[in-house]
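Student: Here is how the chains run, residue by residue.
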Amino acid sequence: MVRVKLDRVSKYFGRVRAVDNVSLEVMDGEFVTLLGPSGCGKTTMLLMIAGIYKPTKGRIYFDDEDVTDIPPKDRNVGMVFQSYALYPHMTVYENIAFPLRIKKLPKSEIDRKVREAAKLLKIDHLLDRKPGQLSGGQQQRVALARALVKEPDVLLLDEPLSNLDALLRVYMRAELKRLQKELKITTIYVTHDQVEAMSMSDRIVVMNEGKVQQIGTPDEVYRNPSNIFVASFIGTPPMNLIRCTYDESRNVLKCPNFEYELPSAWREALSSRTSDELVLGVRPEDIEIGVESPNAKARVLVVEPLGKDVVVTLALDEETSIKAVARAGTQLPTGEVTGLRIPLEKVHVFDGKSGRALI
Amino acid sequence: MARRDYSRIRRRVWLERALKVLVVIAVAVVPAVPIWLMYAGLVAQAFSSRVTLGIVPVGFTLRNWRFLWSEISMGLKRYPSIWPMFANSLYLALGTALIVSLVAGMAGYALSRMEFPGRSKMMQFILALHAFPSVVLLIALFILLNKLGLYGKGFLTLTGVMVIEAALQIPMGAWIMKGFFDSIPWDVEWAALVDGCSRFTAWRKVILPLVLPGFAAVALFAFLAGWAEFILVFTFITDQQWYPISVYIYNLIGEFKYVDWGLLAAASLFYAIPTIVFFALSQKLLLRIYVGGVKGVR
Numbered sequence: 001m002v003r004v005k006l007d008r009v010s011k012y013f014g015r016v017r018a019v020d021n022v023s024l025e026v027m028d029g030e031f032v033t034l035l036g037p038s039g040c041g042k043t044t045m046l047l048m049i050a051g052i053y054k055p056t057k058g059r060i061y062f063d064d065e066d067v068t069d070i071p072p073k074d075r076n077v078g079m080v081f082q083s084y085a086l087y088p089h090m091t092v093y094e095n096i097a098f099p100l101r102i103k104k105l106p107k108s109e110i111d112r113k114v115r116e117a118a119k120l121l122k123i124d125h126l127l128d129r130k131p132g133q134l135s136g137g138q139q140q141r142v143a144l145a146r147a148l149v150k151e152p153d154v155l156l157l158d159e160p161l162s163n164l165d166a167l168l169r170v171y172m173r174a175e176l177k178r179l180q181k182e183l184k185i186t187t188i189y190v191t192h193d194q195v196e197a198m199s200m201s202d203r204i205v206v207m208n209e210g211k212v213q214q215i216g217t218p219d220e221v222y223r224n225p226s227n228i229f230v231a232s233f234i235g236t237p238p239m240n241l242i243r244c245t246y247d248e249s250r251n252v253l254k255c256p257n258f259e260y261e262l263p264s265a266w267r268e269a270l271s272s273r274t275s276d277e278l279v280l281g282v283r284p285e286d287i288e289i290g291v292e293s294p295n296a297k298a299r300v301l302v303v304e305p306l307g308k309d310v311v312v313t314l315a316l317d318e319e320t321s322i323k324a325v326a327r328a329g330t331q332l333p334t335g336e337v338t339g340l341r342i343p344l345e346k347v348h349v350f351d352g353k354s355g356r357a358l359i
Numbered sequence: 360m361a362r363r364d365y366s367r368i369r370r371r372v373w374l375e376r377a378l379k380v381l382v383v384i385a386v387a388v389v390p391a392v393p394i395w396l397m398y399a400g401l402v403a404q405a406f407s408s409r410v411t412l413g414i415v416p417v418g419f420t421l422r423n424w425r426f427l428w429s430e431i432s433m434g435l436k437r438y439p440s441i442w443p444m445f446a447n448s449l450y451l452a453l454g455t456a457l458i459v460s461l462v463a464g465m466a467g468y469a470l471s472r473m474e475f476p477g478r479s480k481m482m483q484f485i486l487a488l489h490a491f492p493s494v495v496l497l498i499a500l501f502i503l504l505n506k507l508g509l510y511g512k513g514f515l516t517l518t519g520v521m522v523i524e525a526a527l528q529i530p531m532g533a534w535i536m537k538g539f540f541d542s543i544p545w546d547v548e549w550a551a552l553v554d555g556c557s558r559f560t561a562w563r564k565v566i567l568p569l570v571l572p573g574f575a576a577v578a579l580f581a582f583l584a585g586w587a588e589f590i591l592v593f594t595f596i597t598d599q600q601w602y603p604i605s606v607y608i609y610n611l612i613g614e615f616k617y618v619d620w621g622l623l624a625a626a627s628l629f630y631a632i633p634t635i636v637f638f639a640l641s642q643k644l645l646l647r648i649y650v651g652g653v654k655g656v657r
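Protein chains in written order, with this note's numbering: chain S, 1 to 359; chain H, 360 to 657.
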């Protein structure tokens, strides 16, 4: 197992900056997720760690060894591709044995390791099949077995769950996490699904347009998003972002159809703003509906019952609508005006221009 | 909304379906009739002593096949045996197939997977090359062979013709192979690299087995082209010892005003056998195109 370190790594494809000046350190045995929308450079980063792409700038270290110029075959990484990339002309057994055969291990040892890996992933009854005869979930396990069988120093997973159906995805999420903790392999996981990232990782690296937006534990990126992008990307339904204007003299935010009073202690933090355009951020689950002494009033547009709770879409004015999560059974007739309370301790304030978190 | 008249719709659907079947029959079956008649006539003629009405055989005989075990005299010329010519044809066809698959296999990989300046220009140029029929090149090739000292040199000339034939087939072969290499996702090649392969090992152990159907197709076409080659060998080979079967069959028609149709039919049938065998062998490979194992498109 190794520590993976990226030191100011960039990758350009022609004029496109796929990865832009990324520094990251993944600890020995840690599970780190690269999270971001498609095209944000997370797969490119993974391929650079695997050695398939060479960074345009910057260095990559495994422990303290510089591996930037070392070809993939000498890096001892295991990788699961989004498409699984199984070898269609080989059986499951041959697929899993392939990395070991390339290493020219003795036959008996290959056989033992293949059977061990197959057993670990519960595919030992499929060893004689061809990949084409397997379901998506089984293919995914074969790909994982092939990546694990060579006992890699680093395990790279590129959206391994995205081709599975919803039920299997939830199951495999837990399986993967259990496996990683059991084997203690340094793991770098790529996904665009924030639920996967939140539920599996030790730390999350949120990326957008080739740049790192925030690095932190799931709790940190959820509770203290460093900018508007992270705030809107993490959480379902996403955080409400309400465009407001700051009135410094009265220390209030003038929001659509309501004013939000700020504590005087925040004045100093807000002084670093670039303009008076600020964004008030509050998570749907933090908004309280139908309270006495509300901060704001809003009209109920849509009510979506989800079983354990209800998602309510509310209109603040003609243009601004927000979402709130209420307890199941909450009765809210569409069109009715209701009072909202936005608790001060749950509020985020972002700079309207730069998107940076101020509070 | 007014109720739809389903019986009318049903009748229309039925009519459309009937029309489709008629078109399929017209396109697929009708042209097949004369082709099958031709083949039937060929077989009938090859095994009968006389044929009435052009197709109905009368009297079974193997006399038409006498060229297999005895020499044939055609006017002034005598052909000792068909077997050396059979060997010549086989040499020409297999050699062409080998050269074309080797070169097209590597060229196709390079065109599909490697970035180099002028790649797309080169691909257009390759396609343009294929537009030249060999007849157009006959004189130029004659001069070339002469300068190289390959004209009228028996075996060497046959080999020369093989190289020419291969050169004519390589452009299309490289294009076909490029298509097959294109169809293999990068992920699979990358997976092989991560699993410990060098680029060459990945090509040999993972990519090559996946494009075997492509090799079969290219080899088949090249073999057929070499086997059927007539104009080049007829023009360049002067020594009848090195004639392939195509020239032999031409001589059966052309040497003498009397044509033994039974003999000609038998020889033609014999000429077709290796083609059928080669096709039957590679057809299995052609159909073995892998499905699954790689999901998702990128």
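These are calculated hints, taken from the structure and not from any lab test.
Glycine is no exception: its CB is placed at the ideal position from the N, C-alpha and C atoms.
Be a bit skeptical, because a hint or two may be false.
To be verified - What the simulated footprint calls covered on chain S by chain H, stretch by stretch (three residues with Cβ under 8 angstroms from a Cβ of chain H suffice, anywhere in the stretch; the number is not a length):
1. 78-85
2. 113-122
3. 224-231
4. 294-308
Said to hold, decoys possible - Label pairs and their calculated CB-CB ranges:
5. H:Ile-368 to S:Pro-294: 56 to 62 angstroms
6. H:Ala-639 to S:Ile-70: 46 to 52 angstroms
7. H:Ser-479 to S:Glu-65: 37 to 43 angstroms
8. S:Ser-38 to H:Leu-567: 51 to 57 angstroms
Student: Could you run down the list of hints and mark each one as holding or not?
Tutor: Structure-based check of each hint:
1. Counting residues of the stretch 78-85 of chain S whose C-beta sits closer than 8 angstroms to any C-beta of chain H gives 7, which meets the bar of three, so the coverage hint holds.
2. Residues of the stretch 113-122 of chain S with a Cβ under 8 angstroms from some Cβ of chain H number 0, which does not satisfy the need for three, so the listed coverage is violated.
3. Interface restraint, the stretch 224-231 of chain S with chain H: violated (0 residues with C-beta to C-beta distance below 8 angstroms; minimum three).
4. Coverage of a stretch by a chain is defined here by at least three residues with a beta carbon nearer than 8 angstroms to that chain's beta carbons; for the stretch 294-308 of chain S and chain H the count is 0, and the condition is violated.
5. The hinted window of 56 to 62 angstroms between H:Ile-368 and S:Pro-294 holds, with their beta carbons roughly 59 angstroms apart.
6. Between H:Ala-639 and S:Ile-70 the beta carbons are some 49 angstroms apart, a value that agrees with the proposed interval 46 to 52 angstroms.
7. For H:Ser-479 paired with S:Glu-65, a C-beta distance near 40 angstroms keeps the hint of 37 to 43 angstroms intact.
8. Judged by the Cβ atoms, the range 51 to 57 angstroms given for S:Ser-38 and H:Leu-567 is violated: they are separated by roughly 32 angstroms.
Hint compliance for this structure: hints 2, 3, 4, 8 are broken, all remaining hints hold.
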